[in-house]
Amino acid sequence: MSRLALTAEQHVDAPPAAVFALFGAGTGAGWLFDAVCDRVALGAVVTLQAPMFGMAAGPVEILGRISAVRSPSRIEIRHDQPWRGRLRVHVDPDGSGTRVRLIADLDDAGLHWLMRRRGFSVPDGGVEGTHPVGLLTSKSGSASVFASATENLAAMAVEEINAEGGIRGRPVRLIVGDDATDPRLGTIEAWRLVHAGCRAIMASTTSATFTRAAHELRGADVLMVQPVMNEGGMGGGLRVQLGERPESQLRAAAAPIMEVAGGRRWFLAGNDYVWPQVVHSAARRVLADHGGTVVGEGFAPLGTRDFAPLIENVLRSGADIVLSSFVGADLVHFERQCHAMGVRERCRSLALALDEPTRERIGDDAASGMWGVSGYFEQLPGDINEAFLRRYRAAYGAFAPPVSSISESVYEALHLYAIAARRATDDDAVSTARELHTSHMAFPRGMVSVVGPETMQQRLFLAEATPGGFLVSRAG
Amino acid sequence: MAADEAFDALADPVRREILTLLAQNDECSAGELSDRINRVGRTAVSSHLRVLRTAGLIAERRNGRFRYYSVDATGPAQDVIQLLQELFQGSLDAAKAAVETGAADADGSIRRAM
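Chains as they are written, first to last, in this note's numbering: chain W, 1 to 476; chain F, 1 to 114.
Hints are all accurate, no fakes.
Taking CB as the label site, the calculated pair distances span:
#: 1; chain 1: W; residue 1: ARG101; chain 2: F; residue 2: ASN63; range: 48 to 54 Å
#: 2; chain 1: F; residue 1: GLN82; chain 2: W; residue 2: ASP306; range: 31 to 37 Å
#: 3; chain 1: W; residue 1: ALA41; chain 2: F; residue 2: ARG36; range: 52 to 58 Å
#: 4; chain 1: W; residue 1: GLY126; chain 2: F; residue 2: TYR68; range: 20 to 26 Å
#: 5; chain 1: F; residue 1: ARG65; chain 2: W; residue 2: ALA395; range: 56 to 62 Å
#: 6; chain 1: F; residue 1: GLY31; chain 2: W; residue 2: ALA398; range: 53 to 59 Å
Honestly, the hints are just simulated from the structure, not real lab data.
Using N, Cα and C, we set each Cβ at its ideal position, and we do this for glycine too.
The whole structure should be built from the sequences, with the hints applied where relevant.
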């Protein structure tokens with residue numbers, strides 16, 4: 001893989017300390033120096049809002065963390081979205097002023113992402129002699145926050161599958177598509193994966209993308225798997241939905257959260273698409289069973305950045321608990337604004353999609369009082385999980401994004417797919433799908449059993465956000 | 001190729017579909033493209049092809065009274081590298097402007113914002 005280093009340079013009539021202090025201060029000093037981060041410190045997460053395709057298109061969020069910092073001269077950022085790379089900022093004395101240099105590494109994957117986004121065709125390369133599998137993920141848009149580690153873990157699973165001999169004597173080749181958290185673009189990318197020869201697609205996206213792509217690709221002979229938590233209802237034929245279901249998550253979390261909150265009044269708030277809608281209808285059933293009441297509900301479209309009107313409704317409702325069904329960057333912004341507007345003093349928050357990549361971007365202070373519930377957190381005990389995390393860190397380094405149920409589920413889905421494809425009587429999608437319906441394996445989250453096209457049996461865990469991570473306990 | 005022009009050219013779903021078809025096939029005639037795009041008529045496809053060609057995203061080859069289209073392979077990598085270069089330079093220019101117009105206090109300290 002080739003790697004380019006791009007540089008930019010500027011002289012500033014001010015001392016280095018003044019230039020350095022600008023970083024992360026939010027003073028309107030351009031997209032790089034206006035980096036959003038709670039601390040300029042080693043390991044702190046950073047979001048850069050780069051106006052990559054003109055102002056009209058909205059910024060592209062570069063998600064990373066500070067991998068080196070030396071005041072007042074050096075800042076290094078390792079980023080994972082929309083591609084993996086490194087940005088180095090050098091601040092050096094230059095006469096009576098300062099010389100600022102920016103050095104950016106760009107590899108083939110980054111170059112190809114940019115070229116595709118600009119509408120250029122980038123050949124996917126030949127797939128002869130391989131077993132091509134697609135990964136549809138979100139490298140940009142709101143969902144890129146929870147998808148930070150997804151591609152890493154898919155690549156790790158493929159490496160392990162290939163070390164075991166691949167599928168029917170052929171190595172698996174992973175071809176990646178980016179839905180940009182947009183169902184329409186997701187469908188176009190899914191077709192690209194099909195035309196590149198993919199036998200199956202792991203769609204680790206929002207359900208908004210999965211449902212549309214799964215429907216529009218109905219004529220294609222391709223197995224589509226949704227590994228991440230979802231509402232179900234589309235499984236059958238060549239469609240398999242794994243992941244946690246809202247009803248199970250809510251049944252596991254409702255009673256303990258009400259006990260912690262010391263109240264039973266809930267406000268339901270989420271993004272306006274199929275998964276949050278199903279979460280809320282399930283919540284009305286589950287909460288009624290547990291003696292809870294719903295005192296308000298509100299939705300906001302994916303990509304919303306100002307939640308103030310909705311949060312005012314939350315405050316007026318007198319709720320004890322907010323069920324937050326936002327995802328990715330929307331969840332980050334909603335929760336940070338809840339914290340800033342005083343919601344935390346009155347309410348606890350349960351967010352079914354709360355995972356570590358999202359929690360760390362909400363920040364330690366704003367995430368305090370939040371709870372998540374899912375089948376996997378990094379903190380889970382067990383040899384399998386320990387060895388898994390060790391391999392992940394060895395492959396991707398200390399600054400790679402944390403693993404979550406959402407990213408780990410793709411790792412599992414690829415392994416389950418490989419087992420099913422090897423076991424299938426015929427080397428085709430229908431036969432593989434049938435085998436997938438009865439697969440099971442011990443994973444980092446524990447034993448997982450697939451039962452039919454849309455049921456995955458697994459343990460669930462409750463997680464309370466604490467500074468630096470989660471306090472995890474077995475649910476139920 | 002003008003960056004904004006290319007972006008505008010891609011904003012339309014039909015034009016994206018045309019590019020996808022061209023990416024899958026080395027070359028297509030205008031008629032073949034129209035046959036495979038059902039949501040708009042032949043005239044609309046022609047005007048979309050004109051927009052894509054003006055934006056430098058596709059190349060046109062004439063053979064008698066037929067026109068054939070393909071994805072323009074010249075310079076896409078150069079295009080995105082230049083785009084990034086401008087993006088990076090722009091960020092440093094903005095930082096310079098902010099410092100030199102006094103966003104920073106004399107002692108180098110800056111009020112941290114959320």
